[in-house]
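Note that my numbering gives residue 189 to position 73 of the sequence shown, counting from 1, and the numbers run on in steps of one.
No lab work stands behind these hints, which were simulated from the structure alone.
Do not take every clue at face value.
As the list claims (entries may be wrong) - For lysine-lysine, the following BS3-like pairs were computed, each having C-alpha atoms within a straight-line distance of at most 27 angstroms:
id : residue 1 : residue 2
1  : K191      : K217
2  : K214      : K167
3  : K159      : K191
4  : K217      : K206
5  : K220      : K206
6  : K146      : K191
7  : K167      : K146
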Amino acid sequence: IWQDVLGKQGSIMHARWPEVEAYDPVTLLKDHYLRKVLYSLRKGMEKAQAKMPGADAVLLYVASEYPDWQQVVMKMLAESYDEATNSFDKSIMGKISKIGKAMKMSKAKSR
């Protein structure tokens, strides 16, 4: 494999150890999230198969961006965060709960 497939010269016994790319914490967080989702899906499939024998597929939807209301909340959180104290403005939860109430009202009206 070393010579025929990878086209390397000499013996692998004399090769240098590969260089490690720069550490990317975001990629590790993404990997951790996907592993948690996969675990949850497997557990959910076990439960589904116990209730409905023959259940053998999962339909997974992936969004390319956050919904508008979540983008608004994240922007509010970012703006109210104080890096010096490592905390949020105390009034932020009240502001966010108003968005939640407005969302519930708009869902009720659309029914």
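Checked hints:
1. Between K191 and K217 the CA atoms are separated by roughly 18 angstroms; this keeps the pair inside 27 angstroms, and the hint holds.
2. Using a Cα cut-off of 27 angstroms, the hinted pair K214 and K167 is violated, with the two alpha carbons roughly 39 angstroms apart.
3. Taken as a hint, the K159 and K191 pair is broken in the structure, with Cα atoms around 34 angstroms apart against an allowance of 27 angstroms.
4. Distance hint between K217 and K206 is fulfilled; the C-alpha atoms sit about 19 angstroms from each other, no more than 27 angstroms.
5. With a CA separation close to 23 angstroms, the supplied pair K220 and K206 stays within the 27 angstroms bound.
6. Restraint check for K146 and K191: satisfied, since their Cα atoms lie roughly 21 angstroms apart, inside the 27 angstroms limit.
7. A hinted pair counts as satisfied when its Cα atoms are at most 27 angstroms apart, and K167 with K146 does not qualify at roughly 32 angstroms.
Of the hints listed earlier, those the structure fails to meet are numbers 2, 3 and 7, in rising order.
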